[in-house]
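Participant: Each chain, letter by letter, is given below.
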Amino acid sequence: MDVPQQTINSFFNNAVVRDFSRDYLFRVESINFDNGAVLRPTDLVYARTARLPGRNIVNQTAKYAGQNFNIPGSVEFPGSEAYEIEFYCPEDVYLREILMNESTRTFGNIFGLAGSGQSGGSIANANSIITLLQLDKNLDALYQYRLVGCSIRGVGEISYDIADGTGAVKYFTASVAYHFFDRVVLGSNLVPALNR
Amino acid sequence: MAQITKNSLVKNFLDLMGGEWAYNVPLTTQWAVAIVPDAGGYGNPDQLFRIIKDYTQIDAHSFYIPIRVQQKLLNENTQPNLDGLGLYFAQGVTIARESFSVNGIGIENSGGYLKGIVASDRLGMSDRKLSIEFLETNLDFVDGLIRPWIIAASYKGLINTGEENSIKCTISIQEFTREKNVYDMKPQKRLHVFKGCVPLDVEDRVLRYDSEPTEAPTSRVSWMFENYTYEVDPENYFGVKF
Numbered sequence: 226m227d228v229p230q231q232t233i234n235s236f237f238n239n240a241v242v243r244d245f246s247r248d249y250l251f252r253v254e255s256i257n258f259d260n261g262a263v264l265r266p267t268d269l270v271y272a273r274t275a276r277l278p279g280r281n282i283v284n285q286t287a288k289y290a291g292q293n294f295n296i297p298g299s300v301e302f303p304g305s306e307a308y309e310i311e312f313y314c315p316e317d318v319y320l321r322e323i324l325m326n327e328s329t330r331t332f333g334n335i336f337g338l339a340g341s342g343q344s345g346g347s348i349a350n351a352n353s354i355i356t357l358l359q360l361d362k363n364l365d366a367l368y369q370y371r372l373v374g375c376s377i378r379g380v381g382e383i384s385y386d387i388a389d390g391t392g393a394v395k396y397f398t399a400s401v402a403y404h405f406f407d408r409v410v411l412g413s414n415l416v417p418a419l420n421r
Numbered sequence: 086m087a088q089i090t091k092n093s094l095v096k097n098f099l100d101l102m103g104g105e106w107a108y109n110v111p112l113t114t115q116w117a118v119a120i121v122p123d124a125g126g127y128g129n130p131d132q133l134f135r136i137i138k139d140y141t142q143i144d145a146h147s148f149y150i151p152i153r154v155q156q157k158l159l160n161e162n163t164q165p166n167l168d169g170l171g172l173y174f175a176q177g178v179t180i181a182r183e184s185f186s187v188n189g190i191g192i193e194n195s196g197g198y199l200k201g202i203v204a205s206d207r208l209g210m211s212d213r214k215l216s217i218e219f220l221e222t223n224l225d226f227v228d229g230l231i232r233p234w235i236i237a238a239s240y241k242g243l244i245n246t247g248e249e250n251s252i253k254c255t256i257s258i259q260e261f262t263r264e265k266n267v268y269d270m271k272p273q274k275r276l277h278v279f280k281g282c283v284p285l286d287v288e289d290r291v292l293r294y295d296s297e298p299t300e301a302p303t304s305r306v307s308w309m310f311e312n313y314t315y316e317v318d319p320e321n322y323f324g325v326k327f
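Chains A and B, in that order, are what the protein sequence lines are. Numbers given in my numbering equal positions in the first sequence, counted from 1, plus 225. Numbers given in my numbering equal positions in the second sequence, counted from 1, plus 85.
Be careful, since some hints might not be right.
What the hints assert, rightly or not - Which chain B residues stay away from chain A? Per the calculated CB distances, all over 12 Å, these:
(1) Pro111
(2) Gly126
(3) Gln156
(4) Gly177
(5) Ala181
(6) Phe185
(7) Ser186
(8) Gly189
(9) Glu249
(10) Leu276
(11) Glu297
(12) Glu311
(13) Asn312
Stated by the list, open to error - Simulated DEER-style distance windows between Cβ atoms:
(14) A:Lys288 - B:Glu105: 18 to 26 Å
(15) A:Ser299 - B:Thr222: 43 to 51 Å
(16) A:Ser347 - B:Asp289: 22 to 30 Å
(17) B:Gly189 - A:Lys288: 30 to 38 Å
(18) A:Asp248 - B:Glu300: 48 to 56 Å
(19) B:Val291 - A:Leu415: 51 to 59 Å
(20) B:Met102 - A:Asn257: 39 to 47 Å
(21) B:Pro298 - A:Ser246: 37 to 45 Å
(22) B:Met102 - A:Ser400: 38 to 46 Å
(23) A:Ser299 - B:Gly196: 43 to 51 Å
(24) A:Glu311 - B:Pro298: 28 to 36 Å
Treat the hints as calculated values from the structure; they're not laboratory data. No residue lacks a Cβ here, since even glycine has one placed at the ideal position from N, Cα and C.
Could you build all of it, start to finish, from the sequences and the hints given here?
Facilitator: Listed below in structure tokens is the structure:
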């Protein structure tokens, strides 16, 4: 069958016009734990890797005459229980200390005290938000993702090599849970976000 | 019986399931519960607290429910409106079953003759329970309202002494499903209404020094009810009362 829209030439034409998203065109813009730690864009230049989260519709199966019929169910946010961000570790380790303080605020083991949000409610409230940006090559924001209701889960370990170290830069990973995300379209001529 | 054509089984199933709202498979997690006291109604649950307070004080002052707690349990914050969020604390519902029994009737020494089947009793309302699991919060819906409610009901009894003095409530359970593309309303597939409800039982609660559970703690409460109705596809107001 002739498929004139899907030739090498049309692929090349599209590649020239639309280009491709690159692995570095992404930023963690801000992390705001309500009434707790706040990481601003200047702090987050040390964010090395992060993922744009996904959204899954749960599959329901109805069987009839030995055949499965796959029906859409409700939504799940895979990985929302531990969204990971890897950071460069600055020499004064302040980024990790900020996150470690947030972990201690979330639950302090010495006095057995758990923190609260600005309103006195849960830390994981609607004001605790991680903002992610997808960028184009002009570093203009295309889409903004807001992970709503975030609260710290893991502050990763750092392994040092005292005897045989080569001066390698150290990283650490932090993981944050969130409830769900919403999207805002920031660039023009983009597919509008539908939030309902 | 008519012959079934070769291609009809799977195709017809798919056509029905995907072609019409009535035969669509529903979502099972989309539902809401509302508890409305008979005394005072939805807008004035304080009346129920007054009755509970009056009766529990017979037992001990320790069951006294502070006004600030009363104002937070069944007010508009926790069940904003009957068509909306539903009761904030509700996490799971088990809707009571419906059944009746049958007996085999025959004569002795009837040999190979089978006994006839006759209908016996329908399951009584006292033998079935509506149960609701409530989320445990700092305010604690179960210990703040249900536990004293059970105690007050045990003193007061179930005799109707007028709506304003009633210890009972109406519990509505709305089941939502996929959109029908007709109205802006959240599409209901079924509405259960249980009337004359009184909490009967709060399950045992265990506190341990284990690690925190991975799911938020809940408590199950069993309710009696006097009668129930349900509406299938409530937009059509097709109601059946039992």
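Participant: Which of the listed hints are broken here?
Facilitator: 1, 11, 15, 18 and 23
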